[in-house]
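Student: Sequence:
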Amino acid sequence: MCPGGETLSAYLDNEVEGPWKKVIEEHLTLCLSCKHKIDEMIFTREQLALESAPDFRASQERGRSYLAGLNSIEQVSFWRRRVALPLPAAAAAVLLLIILGFSTLLLSLHTDYRFMSIRTQPSGSSEVLVTAPIDDLERILKSLELNSSRQEIIIQLPKELNFFVVGEAEMFRAAEYKRNKVW
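Position in the sequence shown (first residue = 1) + 3 = my numbering.
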């Protein structure tokens, strides 16, 4: 029975010791097939040893010159850089900007629905306009309190606003509280 290729390779590399080495040597004298395999391995080893290592100096020099050229290239400023953006993402961003723009425009056209104007006319007959959100009753009451001198106050509610009762109205309680004060 002939030894395998790995065993012959180990024998060739002097990795087989003791009685196994003698057994393989005796087998090689008797078996021409195994002797031929060993001769092929020796020939391959010699051919590999004859080939010199590739010369990397030329490619190293090209790499160094390329890297030196990178340092001399002027860097593009932040504002002139191109941004790679996929077309669907760009379209979504433009659509979002358009929607935000139109919603802002619509809200600005209907500001009278969200704000209440308080006009005070002091004795000097100049009109002062205070605009406050309807939700912010505290701010409205503070504005009225600051202008507590005797003056004409006109509270103008937004046009076309539908009111509905939710609990007890705070405005009436605050107005009753202020009624006890002298304006």
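Treat the hints as calculated values from the structure; they're not laboratory data. Since the model is a prediction, treat every value here as computed from it, not as a measurement. Glycine included, every Cβ here is placed at the ideal spot set by N, Cα and C. Be aware that one or more of the hints could be misleading.
[Said to hold, decoys possible] Below are the BS3-like pairs computed for lysine-lysine, each with C-alpha atoms no more than 27 Å apart in a straight line: (1) K25 x K40; (2) K24 x K40; (3) K25 x K38; (4) K24 x K38.
[As the list claims (entries may be wrong)] Label pairs and their calculated CB-CB ranges: (5) A95 x L149: 31 to 37 Å; (6) V79 x E49: 54 to 60 Å; (7) H30 x R67: 53 to 59 Å.
Student: Determine for every hint whether it applies to the structure shown.
Tutor: Now for the hints, and whether the structure bears them out:
For a cut-off of 27 Å, the pair hint linking K25 to K40 stands: about 18 Å separates their Cα positions. A distance of roughly 16 Å separates the Cα atoms of K24 and K40; the hinted pair therefore holds under the 27 Å criterion. Taken as a hint, the K25 and K38 pair is honoured in the structure, with Cα atoms around 15 Å apart against an allowance of 27 Å. Our distance criterion of 27 Å between C-alpha atoms is met by K24 and K38, whose separation comes to about 14 Å.
Restraint check, A95 to L149: a C-beta distance of roughly 48 Å breaks the suggested window 31 to 37 Å. The hint said 54 to 60 Å for the Cβ distance between V79 and E49, and at roughly 56 Å that hint holds. The hint said 53 to 59 Å for the Cβ distance between H30 and R67, and at roughly 55 Å that hint holds.
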